[in-house]
Amino acid sequence: MKIVDRPTSIPAVPRVRNNLVGGDPGKERRLRADQAGGWAAVHGRESNAGRQVSVESAMELSAVWACIRQTAQTISALPLSVYEKREGGSRQPVDDRLSEILTVTPNARQTAMEHWEGQIAWLLANGNCYAERIHTGRHLSALDPMPAALVEPILVGGELRYRVMDRGREETLPAEKVFHVRGFGFGGLKGLSAIRYGVQSMGAGLAAEEAAAKLFANGMQGSGFLKAKQTLSPDQRVQLQAMLSNYAGSSNAGKMMVLEAGLEWLPATLNPEDAQMLETRQFTIEDICRWFGVPPIVIGHSAKGQTMWGTGVEQILISWMSQGLNPLMRRIEARIRRDLIRPVQRNAYAEWNREGILQMESKAKSEFLLGLVNGGIMTPNEAREKLNLPRIEGGDSLLVQGAMITLDELLSRANAPQAPRT
Numbered sequence: 006m007k008i009v010d011r012p013t014s015i016p017a018v019p020r021v022r023n024n025l026v027g028g029d030p031g032k033e034r035r036l037r038a039d040q041a042g043g044w045a046a047v048h049g050r051e052s053n054a055g056r057q058v059s060v061e062s063a064m065e066l067s068a069v070w071a072c073i074r075q076t077a078q079t080i081s082a083l084p085l086s087v088y089e090k091r092e093g094g095s096r097q098p099v100d101d102r103l104s105e106i107l108t109v110t111p112n113a114r115q116t117a118m119e120h121w122e123g124q125i126a127w128l129l130a131n132g133n134c135y136a137e138r139i140h141t142g143r144h145l146s147a148l149d150p151m152p153a154a155l156v157e158p159i160l161v162g163g164e165l166r167y168r169v170m171d172r173g174r175e176e177t178l179p180a181e182k183v184f185h186v187r188g189f190g191f192g193g194l195k196g197l198s199a200i201r202y203g204v205q206s207m208g209a210g211l212a213a214e215e216a217a218a219k220l221f222a223n224g225m226q227g228s229g230f231l232k233a234k235q236t237l238s239p240d241q242r243v244q245l246q247a248m249l250s251n252y253a254g255s256s257n258a259g260k261m262m263v264l265e266a267g268l269e270w271l272p273a274t275l276n277p278e279d280a281q282m283l284e285t286r287q288f289t290i291e292d293i294c295r296w297f298g299v300p301p302i303v304i305g306h307s308a309k310g311q312t313m314w315g316t317g318v319e320q321i322l323i324s325w326m327s328q329g330l331n332p333l334m335r336r337i338e339a340r341i342r343r344d345l346i347r348p349v350q351r352n353a354y355a356e357w358n359r360e361g362i363l364q365m366e367s368k369a370k371s372e373f374l375l376g377l378v379n380g381g382i383m384t385p386n387e388a389r390e391k392l393n394l395p396r397i398e399g400g401d402s403l404l405v406q407g408a409m410i411t412l413d414e415l416l417s418r419a420n421a422p423q424a425p426r427t
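So the numbering used here is basically just the index in the sequence shown, starting at one, shifted up by 5.
Because the hints were derived from the structure by calculation, they are not lab data.
You may find that some hints are simply not true.
[Claimed, not checked] Restricting the straight-line Cα-Cα distance to at most 20 Å, the calculated cross-link-like pairs of lysine to aspartate or glutamate (DMTMM-like) are:
(1) Lys195 / Glu164
(2) Lys90 / Asp344
(3) Lys370 / Glu319
(4) Lys182 / Glu338
(5) Lys234 / Glu269
(6) Lys90 / Glu387
[Stated by the list, open to error] Label-pair restraints from in silico Cβ distances:
(7) Ile382 / Glu164: 44 to 52 Å
(8) Thr285 / Asp240: 41 to 49 Å
(9) Pro179 / Pro395: 43 to 51 Å
(10) Thr285 / Asp100: 49 to 57 Å
(11) Arg50 / Val318: 31 to 39 Å
(12) Asn331 / Lys370: 17 to 25 Å
(13) Tyr88 / Phe373: 17 to 25 Å
Cβ atoms here follow ideal geometry from the backbone N, Cα and C, with glycine treated the same way.
Given only the sequences and the hints, what does the whole structure look like? Please build it.
Shown next, in the form of structure tokens:
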């Protein structure tokens, strides 16, 4: 199936294409937000500031771009693994075709990081992300991403279907052919889009950026009035307009205009603070960050009196991981377990390694690992794996304080018969 970004009407009764059920690994889809016309343009809304807000236009704001990019890149860069629960609470990494799809090659065109980066970007921008499940026989062979702006979940006879724009036509896929992750919402067929509901905040931001750009394009010269002591003829007005055009624009900034025949320039009042609209634009950045659940410091915006480094920023990043990133990862992990793992593998699950987000400086990390080893929580070999060091012989036993003996040896000494006292 080849997705094109061309809007068409949506019929009342969808067409179910039988040839879509089998899947075709050779299909090509374009997963680019800047080409997602079609339904993205239909769902775009006009803000009270007069700007049309859609995924494409919202991405023109640096705050929206940074929030989506930073979140998508951070999660997709983390190690993703498939594990199987064993008796006693232990787990074992699973090395099968599903693990390869999720962690190495989801399809013929993308790496795992590229795939999840795009899926998470759509999840943030649209509130949903979709991928067609390609099967070879009964086994999953690929996940082919679909632009969320061109997919619409619907109910047909009480059954879930997915209506997809395909080469200017509408085609419908059964639910078992689509991997769909829903974002925050009220339990409906779709998650809610931050861009769609934040239209006023982002529309105001777009309007402020446009106003600032026009002001700079005019050479930081505000509008004003020319005052004449006599009435000008039509020809004189045309000549005056032509003369003024030679002094407009940033390329003409600094030119000296000579006024004669009693002309007087009366500039419209516009102080530098109003001209740059600093407070408005700063508030817009913080407001957009609230819509995406990203601390402003993460995208390089610090509040007054706040530095870009320090223990306070570290705590903010930890909070972002637990309240912003972790819910997104849990949504995807839960959907993988529900829709992609076969019933015979119900003890298997996918999980991102969250520790990659909380990397600390070397001294703090060494103290952290040393405490876990000395407390009998982690073996020396497990600690060495965290540092990408090779395993050593005898490093698989838990240690406790007290001459650094193994826990088993300590228990055997405690249970050994005591010699009679004389």
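Here's how the hints hold up against the structure:
At roughly 15 Å between alpha-carbon atoms, Lys195 and Glu164 fall within 20 Å of each other, so this suggested pair holds. About 18 Å separates the Cα atoms of Lys90 and Asp344, which keeps this hinted pair within 20 Å; it holds. At roughly 14 Å between alpha-carbon atoms, Lys370 and Glu319 fall within 20 Å of each other, so this suggested pair holds. Restraint check: the Cα-Cα separation between Lys182 and Glu338 comes to about 18 Å, which is no more than 20 Å; the hinted pair holds.
For the hint linking Lys234 to Glu269, the alpha-carbon distance of about 9 Å falls within 20 Å, and the restraint holds. For the suggested pair Lys90 and Glu387, the alpha carbons sit about 18 Å apart, so the restraint of at most 20 Å is met. With their beta carbons about 49 Å apart, Ile382 and Glu164 fall inside the hinted range of 44 to 52 Å. At about 42 Å, the CB distance of Thr285 to Asp240 agrees with the hint of 41 to 49 Å.
Remark: the range hint 43 to 51 Å for Pro179 to Pro395 is upheld by a beta-carbon distance near 49 Å. Between Thr285 and Asp100 the beta carbons are some 54 Å apart, a value that agrees with the proposed interval 49 to 57 Å. At roughly 35 Å, the beta-carbon separation of Arg50 and Val318 lies within the given 31 to 39 Å, and the hint holds. Taking the beta carbon of each, Asn331 and Lys370 are about 21 Å apart, inside 17 to 25 Å as hinted.
Restraint check, Tyr88 to Phe373: a C-beta distance of roughly 23 Å satisfies the suggested window 17 to 25 Å.
Checked against the numbered hints above, the structure violates none of them.
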